[in-house]
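Novice: The chain contents come next:
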Amino acid sequence: MQRLFLTLVFAALLVAVVVLDRTATSGRTAAGGDALARHGFRLDEVSARAGMAFVHQAPVFDSRLQGIMPIVAAMGASVSVADVDRDGWQDVYVSDSAIGSRNRLFRNNRDGTFTDVAASMGIADVNRAGTGVSMGSVWGDYDNDGYEDLLLYKYGKPELFHNEQGRSFSPVTGRAGLPPWVNANSAVWLDYDRDGRLDIFLAGYWSEQVNLWSLETTRIMPESFEYAENGGRKYMLRNRGDGTFEDVTETLGIASRRWTLAVVAADLFGTGYPDLFLANDYGVSQLFANRAGARFADVSRDSGVGRAPKAGMSASVGDVFNDGRLSIYQTNISEPGVLIQGNNLWVPGQAGATAFENLATSMGVDLGGWSWGAQFGDLDNDGHLDLYVLNGYVSGEDHTSYWYDFSQIAVGHSAIIADAANWPPMRGRSLSGYQRARAWINDGAGRFSDVAQAVGATETFDGRAVVLADLWNRGALDVIVANQRGPLRLYRNTVRTDRHWIGFDLEGTTSNRSAIGARVELRWSGQVQAQEVSGGSGFSAQNDRRLHFGLGSQAGVERAVIRWPSGRMQTIDGPRVDTIHHVREPQ
Amino acid sequence: MIGDTAAAVSRPSAIRRFLVAVDNRYLAPVLVTFVLLVGHLSFGILESYTRTALAILSAVITEVVLGRLIYRRWPHLASAYITGISVGMLVRTPVVWPFVLGSVLSIASKYVLRVRERHLWNPSNFGLCALLVLAPATVTVLSIQWGNQVWPLIEIWVLGGIILWRLRRLHLCAAYVASFLLLAGVRSAITGVPWLATVAPITGPMYQLFIFFMITDPRTTVRRRSAQYLVVVAIAIVETVLRLRDVVYAPLYALFAVGPPALLIELWWDSAKPHRASIE
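These protein sequence lines are chains A and B, in that order. When the letters of the first sequence are read in order and numbered with our numbering, they come out as residues 1 to 587. When the letters of the second sequence are read in order and numbered with our numbering, they come out as residues 1 to 280.
Hint data in this document are derived by calculation from the structure and do not stem from the laboratory. Check each hint, because a few of them may be wrong.
[Stated by the list, open to error] Partial selection, computed: residues in chain B whose CB lies under 7 Å from chain A:
#1 P29
#2 T33
#3 L36
#4 H40
#5 L105
#6 A234
#7 I237
#8 L242
#9 V248
#10 D270
Glycine included, C-beta positions come from ideal geometry on N, C-alpha and C.
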C-alpha cells in the first residue's frame, strides 16, 4: 500500500513537471480577434506602399570561414531614425552589409511615403572593399549646429559624417580621430562628462586585430561560450569640441575585451550622469557606473547583472512599473531542449540601492527564442511601456538544425572552440531559424503577454534591429524591423482613438543640442513614468529621439519634469495632451 | 635531517592516509564538492547559490523522508548530497522549480524504480533525463565549457582518478574515455566534422560529472568486472548512435537506456545461478 502510494506520488510529480513546463510558455500569448478592440492597437506592414523596398545582404568573409559563414556573417542589418533635415518628420537610415552594397536613407515625404536619398546625400556608398561593411548607425549632433550627424560603425573603419544642414553629409572621419579599425556591433552617443558635447562609446565585438576578409589565422573565434574575453576592445571617445575626439577609455577605467553586441547609456543610479550597460555575447554583461564623469566603476558583479554568463544581444531601458525607475532589458538565447538562458529584465532595487533583480520570468518576458533587438515603447498608448522583441538567428533549410554541432563545439576548451577550423560546417542548416517576433504588452500589474500574432506581426525573418518611431506624427509608435538577409519591414501602428498620448521633442542649449541623456518624468493620474533621450539602444538601432508617452484614457497630465543633461530642472505644468511638445532648454 | 627524511619516506603521505582511513561513502561527496568549488571559484559556474542549495536541500529532505517512511531508518546522505549538487550544477533554467523537482525525482527514483531491492537508475541521471524530456521548454543542462584554464580540469581529473582508484572504479572511467575518443574518430569519419569538434564535449563540465559520478556509480553498475567493461562500451556506442542522430544530451540518454537493462540482466543471471548449478 505504501509502495503504491509512493509510486502514485512519483507519477504525479512527473506529470507536474510536464504541466509546469507547459505553464511556462502558455498563457503568455494573447488570443486573436479584433486586434484594435482587444489589444488597443494593430500593426499593418506597409513597407512596399511606403516606398521602403530594401533587402539586406550579408557580408562574405574570408573563404576559410566558408563552413560557418552564416554564423560569422550573421549581423549587419540595422536601422536608426533621426530627423535629418529638421522638418519635424523622422527619417530612416538602414544598413547593407555586402561589399559594394549601399545603405539607404529613407527621407520622410510627410505623406506616408519615403524616398531614398542616401546616394545624393553622400551616405550610401559606405561599404567599400578595404573599409569594411556597415553594422549599424547612431545619430547625434556632435557639434551642436542643430543637425543630427551620423556615426556609422562597421566591421572595419568607423565613419563619422557631418550633416550639412540637412542637405548633404560630409565625411569627417579623418580629422575626427576615430580608431582606424573596429569590428563593432554597437555604439552610442552620450555626454558622459556633461560638458554639453556628445561623446562616443564604441564597442568592439571581434578583436580589432582581425580583418574578416583576410585572415592571418583561423583562431579568431571566442575562446569560450560563456567566459570569453578575447573580443574587441572598447572606446570611449571624448568630444574635444573642435570636431575631434580623444580616446579616454583607459583613463576612465573601462577595460573590457568581452564580445559586446549592444550598449545602452542611461542614468541608472540617479546621479545625473549616464551609466553604461554592455550586453555581451559569450559571457557576463557589464555595468559601468559613471562617477561624476571622472571615471567609470565596474559594478557588474555587485549590481547582480554580471554574475550569470549568457549571450547578450540587445540592451534597452524602460520604466516598466511607472515608478520612475529604469529597468534594463537584455536579450539572450532560448532554444527548447538545448539552451534556455532566458532574457533578462533587470529591475532596480528601491531608491538608493545599487542591486538589480532579474524579473524576466515572473513578468513573462524571458522566453522569446534566439532573441535580438528589443525596444521599450507604449505601443497601445495605455500608459505602460511594452516590449517589442525580435527573434531568430539563421534560417537555413527548413526542418534542419545546426544546434547539435553548435552545442558540441560550444563545450570545447579554448584550444578547440577558438579556432574556426574546428567548427563543424553548417551545410545550409538552420540555427534557431524561422522565429517570430514578440510584442509583449505590459498589463501594468507586473505581467506581459505576447500579442504579436494577433496584432499583425507574423513574419519569421531573421530579425536583428527594431526601432519604435512615430513616423506619421500621429501619436503612435510605428515599428521598423531590419532583417538579416531579409526585407526591411515597416509596421504602421493604428491605436484606439480613445487613448491619449503626449510627446516631447527636446533641444538642448547648455546641454548637448540633441538632448541625449535628458530625462522626462511625466506625472498623470497618480502615475509617474520616466524616459530618457537615448543615443542608441536595442541591437544596432536608435529609436525616435522624441519621447512618447501613452496616457490611456486620461485626457490630462499634471506635469512634466525635465532634467536636462546640464543638470537644469524644468517643470511644465499641465501640458496639452495628444501633441508633440518642442521644448528648448531654458538658458 | 636524514632521519627526518627517512621517517617522512617511511610514513604514508597525508593524502594516502586520508584515502586509506576515510569511509568509501565519503569519497564521492568529497570529490563532487571539490568539482563544485573548482568550477565555481575558477569560473563562477553556479548561476545561483540559493538554487544550488535548494537542490541539495530538496534531495536531502526527500532522502530522509523516504528513508524513514519506507525503511524506518535514517539513510546515509552521501547519495542525496551528490545528487543535489549534480542537479544544482547541471540544471540550467530561468525558473526555480526544476531544482526542487529534479532533486526530488532523482532521489524518489531510488525508492520507486527498484527490482529486488536494487534501484535501477543513477539518481541524478534519472532526474536530469526526466527534466530534459518532460520540460524541454524550460530546462536544459549545462553544456558549455568551464573556461579556458587547464589546471582546474587537471586537478579534477587527478583527484577524481585517485578516488576512483580507491573505489576500484578507475577502469570504468578509463574504458569509457578510451571508447569515447575512439568513437569520436568514427563519428568524425562518418560526418566529416573535425575530430577535435567531436571530442570537444569531453572537455566540458557535464562530462566530469557524468564520468565521475554517473557511469561509475557503484549502486547502479553491474558487479562483474568483465561485464562492467561491456556496459561502459555499450554506453559509449549508444551515445555515438544518438550523437549521429544529433541528440545533444546523448551521454545522459545513453546511460539512461543502457544502465537499467544491464542491471536487470545481471539480476536475472544471478537469480538463475542456483538453478543452473542444480542442473549441472
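Novice: Given B/P29 as an interface hint, is the shortest Cβ-Cβ distance to chain A below 7 Å?
Specialist: 25 Å, violated
Novice: Tell me if the interface restraint on B/H40 is satisfied: Cβ within less than 7 Å of some Cβ in chain A.
Specialist: 11 Å, violated
Novice: Mind checking the CB of B/I237 against every CB in chain A and telling me if the closest is under 7 Å?
Specialist: 18 Å, violated
Novice: Would you check whether B/T33 satisfies its interface hint, that is, whether its CB is within less than 7 Å of any CB in chain A?
Specialist: 21 Å, violated
Novice: Would the hint on B/L105 stand, with a C-beta cut-off of 7 Å toward chain A?
Specialist: 6 Å, holds
Novice: Against chain A, is B/V248 within 7 Å by beta-carbon distance?
Specialist: Nearest chain A Cβ about 5 Å off; hint holds.
Novice: Do the numbers back the hint for B/L36, that is, is its least Cβ distance to chain A under 7 Å?
Specialist: At about 16 Å, which exceeds the 7 Å cut-off, the nearest Cβ of chain A leaves the hint on B/L36 violated.
Novice: Have a go at the B/D270 hint: is there a Cβ in chain A nearer than 7 Å to its own Cβ?
Specialist: Given a least distance of 23 Å, the restraint on B/D270 is violated.
Novice: Would you check whether B/L242 satisfies its interface hint, that is, whether its CB is within less than 7 Å of any CB in chain A?
Specialist: 10 Å, violated
Novice: Does the CB of B/A234 sit less than 7 Å away from some CB of chain A?
Specialist: 22 Å, violated
Consistency note: the structure conflicts with the earlier hints numbered 1, 2, 3, 4, 6, 7, 8 and 10.
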